[in-house]
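Asks: Single-letter residue listing:
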Amino acid sequence: MKFLKWFKTQWNTNPLFSTTLALLVMIILQTLALGTDYNSFGAWWTSFCVNWINVLRNNASVGIVSLGMAFIIISGGIDLAVGSTLAMTGALFLLLTDSSAAGWLTQMHITGWLAFIIAFVLVILFGALLGALNGVLVADGGIPPFIVTLGTMKVFRSVTQYFMQGKAPVFPQEFLAFTSLRFGRYMIMPIIYWILIAAFLYVISKKTVFGNHVIAVGSNEKAAKLTGINVKAVKRWVYTITGALVAMATIINISRIGSMDYANAGAGYEMDAIAAVIVGGTRMAGGRGSIIGTMLGVLIIGVMNNLLNLVGVNPFLCEAFKGFIVVVAVLIQKKEATS
Amino acid sequence: MKIEFDHIFKSFGKTEVLHDVSFSVQDGQILALLGENGAGKSTLMNILGGLFPPVSGQVVIDGQPVHLHSPNESIDHGIAFIHQELSPVNDLRVYENMFLGREERNAFGWLNRESMRAQARKILDSLGIAIDEQSYMRDLGASHKQIVEISRALLCEAKTIIMDEPTTSLAEHEIALLFELVRKLSSQGVNIIFISHKLNEVKTLCTHYVVLRNGWKVAEGDMKDVETQTLSELIVGRELAHMQKAEPKQHDKEILRVENLSRGKDFQNVTFTAKAGEILGFTGLLGDGRSELFRSIFGDTPDYTGEIFLNGEKYHAKSTTAARKKRIAYVPSNRKENAIIPDLSVKTNGTLATLKRYCKFFLLQNGPQHDDFATHAADFHIKYADENDLITTLSGGNQQKVILARWINTKPQVLILDNPTQGVDIGAKQEIYEIVKKIAQSGVAIIVLSGEGQEIVRLCERTLVMFHGKIAGELSGDALNEQEIMKLATGANLI
Chain Z
1 MKFLKWFKTQ WNTNPLFSTT LALLVMIILQ TLALGTDYNS FGAWWTSFCV
51 NWINVLRNNA SVGIVSLGMA FIIISGGIDL AVGSTLAMTG ALFLLLTDSS
101 AAGWLTQMHI TGWLAFIIAF VLVILFGALL GALNGVLVAD GGIPPFIVTL
151 GTMKVFRSVT QYFMQGKAPV FPQEFLAFTS LRFGRYMIMP IIYWILIAAF
201 LYVISKKTVF GNHVIAVGSN EKAAKLTGIN VKAVKRWVYT ITGALVAMAT
251 IINISRIGSM DYANAGAGYE MDAIAAVIVG GTRMAGGRGS IIGTMLGVLI
301 IGVMNNLLNL VGVNPFLCEA FKGFIVVVAV LIQKKEATS
Chain U
1 MKIEFDHIFK SFGKTEVLHD VSFSVQDGQI LALLGENGAG KSTLMNILGG
51 LFPPVSGQVV IDGQPVHLHS PNESIDHGIA FIHQELSPVN DLRVYENMFL
101 GREERNAFGW LNRESMRAQA RKILDSLGIA IDEQSYMRDL GASHKQIVEI
151 SRALLCEAKT IIMDEPTTSL AEHEIALLFE LVRKLSSQGV NIIFISHKLN
201 EVKTLCTHYV VLRNGWKVAE GDMKDVETQT LSELIVGREL AHMQKAEPKQ
251 HDKEILRVEN LSRGKDFQNV TFTAKAGEIL GFTGLLGDGR SELFRSIFGD
301 TPDYTGEIFL NGEKYHAKST TAARKKRIAY VPSNRKENAI IPDLSVKTNG
351 TLATLKRYCK FFLLQNGPQH DDFATHAADF HIKYADENDL ITTLSGGNQQ
401 KVILARWINT KPQVLILDNP TQGVDIGAKQ EIYEIVKKIA QSGVAIIVLS
451 GEGQEIVRLC ERTLVMFHGK IAGELSGDAL NEQEIMKLAT GANLI
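Going line by line, the protein sequences match chains Z and U. If you're matching positions, the first sequence starts at 1 in our numbering and goes up one per residue. If you're matching positions, the second sequence starts at 1 in our numbering and goes up one per residue.
These are calculated hints, taken from the structure and not from any lab test. Beta carbons are placed, not taken as given, at the ideal position from N, Cα and C, and that holds for glycine. Be a bit skeptical, because a hint or two may be false.
Stated by the list, open to error - Which chain U residues face chain Z? A few, computed with CB under 8 Å, are given here:
1) Leu154
2) Ala323
3) Arg327
4) Ala339
5) Ile340
6) Leu344
7) Leu355
8) Cys359
9) Gly367
10) Pro368
11) Asn409
12) Lys411
Unchecked claim - Below, computed lysine to aspartate or glutamate pairings styled on EDC-like, alpha-carbon distance capped at 16 Å:
13) Lys2(U) - Asp91(U)
14) Lys167(Z) - Asp261(Z)
15) Lys232(Z) - Asp300(U)
16) Lys159(U) - Glu73(U)
17) Lys2(U) - Glu16(U)
18) Lys225(Z) - Asp27(U)
19) Lys275(U) - Asp300(U)
20) Lys222(Z) - Glu337(U)
21) Lys356(U) - Glu337(U)
22) Lys318(U) - Asp140(Z)
23) Lys159(U) - Asp62(U)
24) Lys232(Z) - Asp140(Z)
25) Lys222(Z) - Asp132(U)
26) Lys336(U) - Asp140(Z)
27) Lys487(U) - Glu201(U)
28) Lys265(U) - Glu292(U)
29) Lys275(U) - Asp252(U)
30) Lys198(U) - Asp252(U)
31) Lys184(U) - Asp27(U)
32) Lys318(U) - Asp303(U)
33) Lys222(Z) - Glu292(U)
34) Lys487(U) - Glu452(U)
35) Lys225(Z) - Asp300(U)
36) Lys318(U) - Asp300(U)
Next up, chain Z with everything else stripped away, as it sits in the complex (with noise of 0.2 Å):
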């Protein structure tokens, strides 16, 4: 009895609750999947963690987006432009690494790893330009946010391929290990890019000035203007800090793979994103939401890709199970809200 009037309170009232048991379900499901065929425990704990590795690596750069499109869509915005500023990021970050005669730092006789610092710091500048592009239409155009990224998505992705028509640089394989460093038998570099930007951006969001100014814009932007906060500004930034955590998602995906496809990468990844948003209990009208939220919405879709994959159900149906965990998610929530 006690047991569920706790259980019953912390429904109610603890935002993270429901998308934390829903998280633990996945889990409890997964292992379940994972089946009991081995011949030692040895055997066994060394698959659970393999499995588990790559879903955290699968998801890193999907998740380090996801981390901006919380802040967005907590300051009553949206980001469609993610995946195509994925690619144009990730374009750029190819042409200046390129080891070939036609790379840019290559001609300018920069190699090495000096060369990957540079091209690294000028695509994640590059990735901020961007989405400062989509904030100040945002926040000084006056347009809506949906329209103004809706067009930056065609832009970005359109101009990318022209541009890359007929070019194909070439990564150099020492790159790799800029994602591909092993510790022990384990690939774990994305996934501690992943937490440190995750770690930095809760501290950002529940102690800065900054972290309440965006839930104050979310929440009620015409009383955050007459409080005198400048929600210009905040507008821009969020959209800025996600370009450049964009920017830092292409990276990791080019250093692990060592190429791009133009015209397919990062596409899908801007409904991912905003699925995980909202599957963590962020407000689709901005206002409410958080950082740990936004994480653990992330390994549940991921947790679920998993899943799914294990006990063999047809990928084509995979997504099938992705929206249907978003509508359900916010129908909790709906719940949670007006009871």
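Given chain Z, work out where chain U should sit, using these hints.
Replies: Structure of chain U alone, referenced to chain Z:
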């Protein structure tokens, strides 16, 4: 049709807003429902309008007790509610607005425009009003919009029409038109419940009156047996009718000077000064432009012409952020819409304008933030369970005090209060007045914007009255009373 209110009680939470109210209206009476803001008029009318039920007591229509659970049920009983702030769909035509939500359809489910148009025409003709039923709502003036709303009520065969301050946004000749219409309806046997603060208006139009004060019915009777003076005493209560006025004091240091400020239709050629330690009032009727004026001075709408000086230096209000940095504070009207951040805590709401102050290496330090908030919470007697609870858990009066704390925290030199006691109960109102007076003593120039004459008289030493975007006059000393304010606010001195 006869409507009886039978021992109505109503409370919201612990606040009792209606206490044992009984009276009736019948046979085409024009009943004036009088009382201060917060006296319970709106609550009572909302009960009749089906928005919420009473805690006890009942509404009796033609001898039958009725339970009104929704506005539609109330309409079905022949009761129409015309709200103070109309909400017409401006992009639809007059007859479409009249039929909104009750559109007629033909056998195919298509709109039966011909029939609707004809019916609309018939009603407008019966009222003798020259409005084209085909014109778009947005092209109509305020009084015509009001008339369309009344026609809409007649269309559902309303036998009782509630009008909530219908004249506040109307000009003199429009008011005459409305009154003519009301009398006509009354002669046709339609009951009118007329809510208004303008006693002269009420005296000429209405046949009966009921006065509410703090949720109690304090008087009722025939309008011809009562004097306007008596009514005003009944409304405010005898003790308050002779209330203490703010004492005029000498103030020398000029803080804010505004010269020839104009912004489109909102306000024109406004010039005034505000001094340190002074409480300056700004009042007028709906649409007088006072809120818009101070929105500009606070930098929310910076596209004004004219000049503003702060401590003798020229200042351009280019954004709200700039205004805050110049230590101008602005507590807006409509707390819920313009001031409260519902997703932030009590403490964060109370310190939202000064968050930077609590930062060390970009990180908010809970200690100083808590101290700042707790100091003002104690000063203002803000009641809250936990400073980390959402602000929406507080009562209206406490929320207002939190917003006040938010701005006092900025140590302002000019404090603009727009409708500072909107939707707060009598007790909290009194407390807020005390707080404002105390802040003034510390040398802040305070500007109070209010539509309540009483509030202005009690709080302000000097008052500017606005009429249609212009300053109609200045009142202070003995001349500062509700009658003089009304005279200026209605433009009576200009005719």
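Asks: Are the hints correct? Go through all of them and say.
Replies: Here is how each hint holds up against the structure:
| no. | hint | result |
| --- | --- | --- |
| 1 | Leu154 | violated (37 Å) |
| 2 | Ala323 | holds (7 Å) |
| 3 | Arg327 | violated (10 Å) |
| 4 | Ala339 | holds (5 Å) |
| 5 | Ile340 | holds (6 Å) |
| 6 | Leu344 | holds (6 Å) |
| 7 | Leu355 | holds (4 Å) |
| 8 | Cys359 | holds (6 Å) |
| 9 | Gly367 | violated (13 Å) |
| 10 | Pro368 | violated (13 Å) |
| 11 | Asn409 | violated (11 Å) |
| 12 | Lys411 | violated (13 Å) |
| 13 | Lys2(U) - Asp91(U) | violated (37 Å) |
| 14 | Lys167(Z) - Asp261(Z) | holds (12 Å) |
| 15 | Lys232(Z) - Asp300(U) | holds (13 Å) |
| 16 | Lys159(U) - Glu73(U) | holds (14 Å) |
| 17 | Lys2(U) - Glu16(U) | violated (27 Å) |
| 18 | Lys225(Z) - Asp27(U) | violated (51 Å) |
| 19 | Lys275(U) - Asp300(U) | violated (23 Å) |
| 20 | Lys222(Z) - Glu337(U) | holds (7 Å) |
| 21 | Lys356(U) - Glu337(U) | violated (24 Å) |
| 22 | Lys318(U) - Asp140(Z) | holds (14 Å) |
| 23 | Lys159(U) - Asp62(U) | holds (11 Å) |
| 24 | Lys232(Z) - Asp140(Z) | holds (7 Å) |
| 25 | Lys222(Z) - Asp132(U) | violated (37 Å) |
| 26 | Lys336(U) - Asp140(Z) | violated (26 Å) |
| 27 | Lys487(U) - Glu201(U) | holds (13 Å) |
| 28 | Lys265(U) - Glu292(U) | holds (10 Å) |
| 29 | Lys275(U) - Asp252(U) | holds (7 Å) |
| 30 | Lys198(U) - Asp252(U) | violated (36 Å) |
| 31 | Lys184(U) - Asp27(U) | holds (13 Å) |
| 32 | Lys318(U) - Asp303(U) | holds (8 Å) |
| 33 | Lys222(Z) - Glu292(U) | holds (15 Å) |
| 34 | Lys487(U) - Glu452(U) | holds (14 Å) |
| 35 | Lys225(Z) - Asp300(U) | holds (8 Å) |
| 36 | Lys318(U) - Asp300(U) | holds (8 Å) |
Against the hints set out earlier in the document, violations occur for numbers 1, 3, 9, 10, 11, 12, 13, 17, 18, 19, 21, 25, 26, 30.
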